[in-house]
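Chains as they are written, first to last, in the numbering used here: chain A, 1 to 154; chain B, 1 to 154; chain C, 1 to 154; chain D, 1 to 154.
I should point out that these hints are in silico values taken from the structure, not numbers from a laboratory.
One thing to keep in mind: the hints can contain errors.
[To be verified] Simulated pairs of lysine-lysine, BS3-like, Cα-Cα distance not exceeding 30 Å: (1) A:LYS116 - B:LYS44; (2) A:LYS48 - C:LYS48; (3) D:LYS44 - A:LYS84; (4) C:LYS121 - C:LYS84; (5) B:LYS44 - D:LYS121; (6) A:LYS44 - B:LYS84; (7) B:LYS28 - A:LYS84; (8) D:LYS44 - A:LYS28; (9) D:LYS4 - A:LYS116; (10) D:LYS44 - A:LYS44.
Number of protein chains: 4
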Amino acid sequence: MYDKCINLLEERGVGLVDIAQCVLYLQKQHHPEIEEAEVIEVIKNVIKKREVQHAIITGITLDKLAESNSLQDDVLRDILINDKSLYGIDEVLAYGICNLYGSIALTNFGYIDREKPLIIKTLNEHSHMCHTFLDDIVGALAAAAASRIAHNAE
Amino acid sequence: MYDKCINLLEERGVGLVDIAQCVLYLQKQHHPEIEEAEVIEVIKNVIKKREVQHAIITGITLDKLAESNSLQDDVLRDILINDKSLYGIDEVLAYGICNLYGSIALTNFGYIDREKPLIIKTLNEHSHMCHTFLDDIVGALAAAAASRIAHNAE
Amino acid sequence: MYDKCINLLEERGVGLVDIAQCVLYLQKQHHPEIEEAEVIEVIKNVIKKREVQHAIITGITLDKLAESNSLQDDVLRDILINDKSLYGIDEVLAYGICNLYGSIALTNFGYIDREKPLIIKTLNEHSHMCHTFLDDIVGALAAAAASRIAHNAE
Amino acid sequence: MYDKCINLLEERGVGLVDIAQCVLYLQKQHHPEIEEAEVIEVIKNVIKKREVQHAIITGITLDKLAESNSLQDDVLRDILINDKSLYGIDEVLAYGICNLYGSIALTNFGYIDREKPLIIKTLNEHSHMCHTFLDDIVGALAAAAASRIAHNAE
Numbered sequence: 001m002y003d004k005c006i007n008l009l010e011e012r013g014v015g016l017v018d019i020a021q022c023v024l025y026l027q028k029q030h031h032p033e034i035e036e037a038e039v040i041e042v043i044k045n046v047i048k049k050r051e052v053q054h055a056i057i058t059g060i061t062l063d064k065l066a067e068s069n070s071l072q073d074d075v076l077r078d079i080l081i082n083d084k085s086l087y088g089i090d091e092v093l094a095y096g097i098c099n100l101y102g103s104i105a106l107t108n109f110g111y112i113d114r115e116k117p118l119i120i121k122t123l124n125e126h127s128h129m130c131h132t133f134l135d136d137i138v139g140a141l142a143a144a145a146a147s148r149i150a151h152n153a154e
Numbered sequence: 001m002y003d004k005c006i007n008l009l010e011e012r013g014v015g016l017v018d019i020a021q022c023v024l025y026l027q028k029q030h031h032p033e034i035e036e037a038e039v040i041e042v043i044k045n046v047i048k049k050r051e052v053q054h055a056i057i058t059g060i061t062l063d064k065l066a067e068s069n070s071l072q073d074d075v076l077r078d079i080l081i082n083d084k085s086l087y088g089i090d091e092v093l094a095y096g097i098c099n100l101y102g103s104i105a106l107t108n109f110g111y112i113d114r115e116k117p118l119i120i121k122t123l124n125e126h127s128h129m130c131h132t133f134l135d136d137i138v139g140a141l142a143a144a145a146a147s148r149i150a151h152n153a154e
Numbered sequence: 001m002y003d004k005c006i007n008l009l010e011e012r013g014v015g016l017v018d019i020a021q022c023v024l025y026l027q028k029q030h031h032p033e034i035e036e037a038e039v040i041e042v043i044k045n046v047i048k049k050r051e052v053q054h055a056i057i058t059g060i061t062l063d064k065l066a067e068s069n070s071l072q073d074d075v076l077r078d079i080l081i082n083d084k085s086l087y088g089i090d091e092v093l094a095y096g097i098c099n100l101y102g103s104i105a106l107t108n109f110g111y112i113d114r115e116k117p118l119i120i121k122t123l124n125e126h127s128h129m130c131h132t133f134l135d136d137i138v139g140a141l142a143a144a145a146a147s148r149i150a151h152n153a154e
Numbered sequence: 001m002y003d004k005c006i007n008l009l010e011e012r013g014v015g016l017v018d019i020a021q022c023v024l025y026l027q028k029q030h031h032p033e034i035e036e037a038e039v040i041e042v043i044k045n046v047i048k049k050r051e052v053q054h055a056i057i058t059g060i061t062l063d064k065l066a067e068s069n070s071l072q073d074d075v076l077r078d079i080l081i082n083d084k085s086l087y088g089i090d091e092v093l094a095y096g097i098c099n100l101y102g103s104i105a106l107t108n109f110g111y112i113d114r115e116k117p118l119i120i121k122t123l124n125e126h127s128h129m130c131h132t133f134l135d136d137i138v139g140a141l142a143a144a145a146a147s148r149i150a151h152n153a154e
């Protein structure tokens, strides 16, 4: 299941290094000394959690079904394809990940979800693909890893 | 969008009366005097919230896609068809509804999700259909309505 | 900090064995074979989490201040002393614990918070003491441990 | 209870106008046309919710007790006085407010909690006072109001 998640993320254009860059973006103020290799290990541990894996698979499956016009519900398809700003189920799934890592993860997610740096920005610019869930999943994985790093540092 | 949600629930075997019965089940200790017609009005107001509607449409779409073997992901399909007990995304969506109605809604959801009375029991017994998300959505709608009734009563 | 939490719980009448009994109550259907000693180890690990410790200390401090009439706010004191059913900050703190252990923990908490078995019942019957936060903290610790056991069992 | 909350906020240095400024800060990109008077009405409605009132009273009481050295627990007092970054119960209370207003509120809170603009910055600079809970409460009230405005605008 872990391998499947890594492959799904890769297939959709997100490598562990891309997520690590987001973690470094979140942590540069507080822990400028942290290195990418270390961050990647933390991200891997986040993705090893069963609830995280379920969120990744469910969210990416919805993105892909919307993209290939296979959702069998036109209202939901329109919402996902256009990433309507008042649709919040993608964030609900993301909070399902962040909640496991405590309040620091939630705050980090809110920040990165608004700033949309790096790979999150790239995902949002892919006009012919649907990344409604994926961009929030990436933000949540980065926020969760950043929270773990902050707790471990103390 | 409201009508679409009511129709989706009906199509999947859940009427407003079924949800009202769950609310009465949750409230009978505290507010035995409350009547079904009143409860139905509260449930309608819950379903008028945009975030609730998004949860209903997303969850039921996933159930239907799993049922018709159209999810295009066999791992997720197996999880949904078998309603694996450690898959928690259905509860995550349900909490997305309950959170809007405060802590009483969350507690009520936990109780009804474990007791599985009435229509929730019926949904779980449909072996040839997939109601992995729907049973939690019904529980969340009932829990949200029960919370609103408790707050209004004071 | 861990020792302080264990001592605070003891001082307020809650031993690890009392919490373990609540976990066994939650798990008896699913894992009847599990033993108390094993459960206690899981509970200890829950209490080792920094965010859990902060919830324990904050909640019990509020209970003690209400009890000794030292809250310096009469409205809040009345609410806590009477454990008003619509006051939900005790549950909000409890969810802060449960969220770290995923959706199964939240569901278990809702159930145990409504059934109020064992030590939770005892705490609620202490009419001359204030356990508004403590009973929810105990429920959350038990629900978190039960969730961890369910995930480990698979 | 509503009046008590408004007075408590005022007493601690936070007027409705200060919160409105934070809402405008959050919304200026999306709804630059919105006016302060309108925003203040939305904030008042947020503060009319019972669960919001309970969070305000509980959080500010803890701040005041820490400040006046009356918490009767030195560990908790040190944490609150120093606003330790890994103490997350203040955010947990804030999420108790934001959750009532959906995922947009949570995201807005994460952003404003990290940027700390305006009155939130001022509160954090009061070295002789304790605003560990208040700054998060103000952020949560602003985030909740911003979410309500976004939903109403559609």
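In rising order, the numbers of the hints this structure does not comply with: Hints 1, 5, 7, 8, 9 and 10 are the ones this structure does not satisfy, whereas the remaining hints hold.
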